[in-house]
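J.: Residue numbers (the UniProt record's numbering), protein chains in the order written: chain A, 1 to 61; chain B, 1 to 61; chain C, 1 to 61; chain D, 1 to 61; chain E, 1 to 61; chain F, 1 to 61.
Treat each hint with caution, since some may be false.
Since the list can't tell identical chains apart, any single copy or any two copies may satisfy a pair.
Said to hold, decoys possible - Calculated lysine-lysine pairs in the BS3-like style (CA-CA distance at most 27 Å, straight line): (1) 22 with 61; (2) 48 with 61; (3) 22 with 47.
If you are wondering where the hints come from, they were derived from the structure by calculation, not from laboratory data.
Protein chains: 6
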Amino acid sequence: MPFVHIEMVEGRTVEQKRELAKRVTEAVAEITNVPADRVHVFFNDMKKEDYANGGTLVLDK
Amino acid sequence: MPFVHIEMVEGRTVEQKRELAKRVTEAVAEITNVPADRVHVFFNDMKKEDYANGGTLVLDK
Amino acid sequence: MPFVHIEMVEGRTVEQKRELAKRVTEAVAEITNVPADRVHVFFNDMKKEDYANGGTLVLDK
Amino acid sequence: MPFVHIEMVEGRTVEQKRELAKRVTEAVAEITNVPADRVHVFFNDMKKEDYANGGTLVLDK
Amino acid sequence: MPFVHIEMVEGRTVEQKRELAKRVTEAVAEITNVPADRVHVFFNDMKKEDYANGGTLVLDK
Amino acid sequence: MPFVHIEMVEGRTVEQKRELAKRVTEAVAEITNVPADRVHVFFNDMKKEDYANGGTLVLDK
């Protein structure tokens, strides 16, 4: 622990995930005072048919 | 906020998700008294090998 | 299944949850064509120190 | 209820999930004293680009 | 990894959680072939007003 | 979106959450190229009886 889950609509590159994992882990380790290797980061890409805001799917926007 | 996550075994159509997003957002906005555009709905389709009830995968039922 | 998780900042009453459970279950059962007793709804109340938007905790808004 | 979610990096077989569903359901039913058919188990396979430990994606290890 | 989340309506004892953590970790480690110290188990107790089945809160059953 | 969930064993201060929300939002907004006000961060504090590693509750370590 800590465990960080990041949900985004699909379309981010592996390079963006790589950088997010690095930056977020640094911030969490530093602020919560734990070694970086105890920080876990998970990504969850959502399809455009799988996220809605205001009652409308992103697919339809 | 509010944030609504809906998990289902795969097989629902985009049209069903579209309607779910609409109906669920209306209900949540009305009952919790927030504008609809602050309601977020997420869908998560599970494969039949990824959900079990009573110790048996849906795949095997 | 289906399983519906609803996350909100704390402050909703039991009566609001009761009505949400009813309305959301009806919508999900009707649209996905499953009996209502197979629909599960979960609520998660977040404290104002536990949700941030735009980098600012709700507590500080 | 209870509801058990199991997240793993992809690569487990259906046979492993089948056995996990069975063993975990037995343990949960027995220890929490509920009938097995009220225990629900969900699997979530993560791609190697979707999990990082120590700031590094599994993909890059 | 693996990561196991167990959601239950409140009322389980610490001793039951202790035993669940042990039994579930053993099953997951053995079946997925990972060392036990890489298995993480999380519990989430739900209040009776926070879980509904068939459109009715457990509180009202 | 994006949505970031951070799970930690209890004991972090509001000030640490405030700083985490700020730093993580900055990183996510910058790397994924979205305005900060579309980034949502959630914290989930786990009790020491609610997290186990290697089959042992943190409470017992």
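J.: Against this structure, judge whether each hint is valid.
T.: Here's how the hints hold up against the structure:
For the identical chains of this complex, residue 22 and residue 61 are inter-copy neighbours only, at 13 Å across copies versus 32 Å inside a copy, given an alpha-carbon limit of 27 Å. For a Cα distance limit of 27 Å, the shortest separation of residue 48 from residue 61 inside one copy, 10 Å, qualifies, whereas the shortest one across copies, 30 Å, does not. Both within a single protomer and between protomers do residue 22 and residue 47 lie at most 27 Å apart by alpha-carbon distance, with minima of 24 Å and 17 Å respectively.
Violated hints for the displayed structure: none, as all numbered hints are satisfied.
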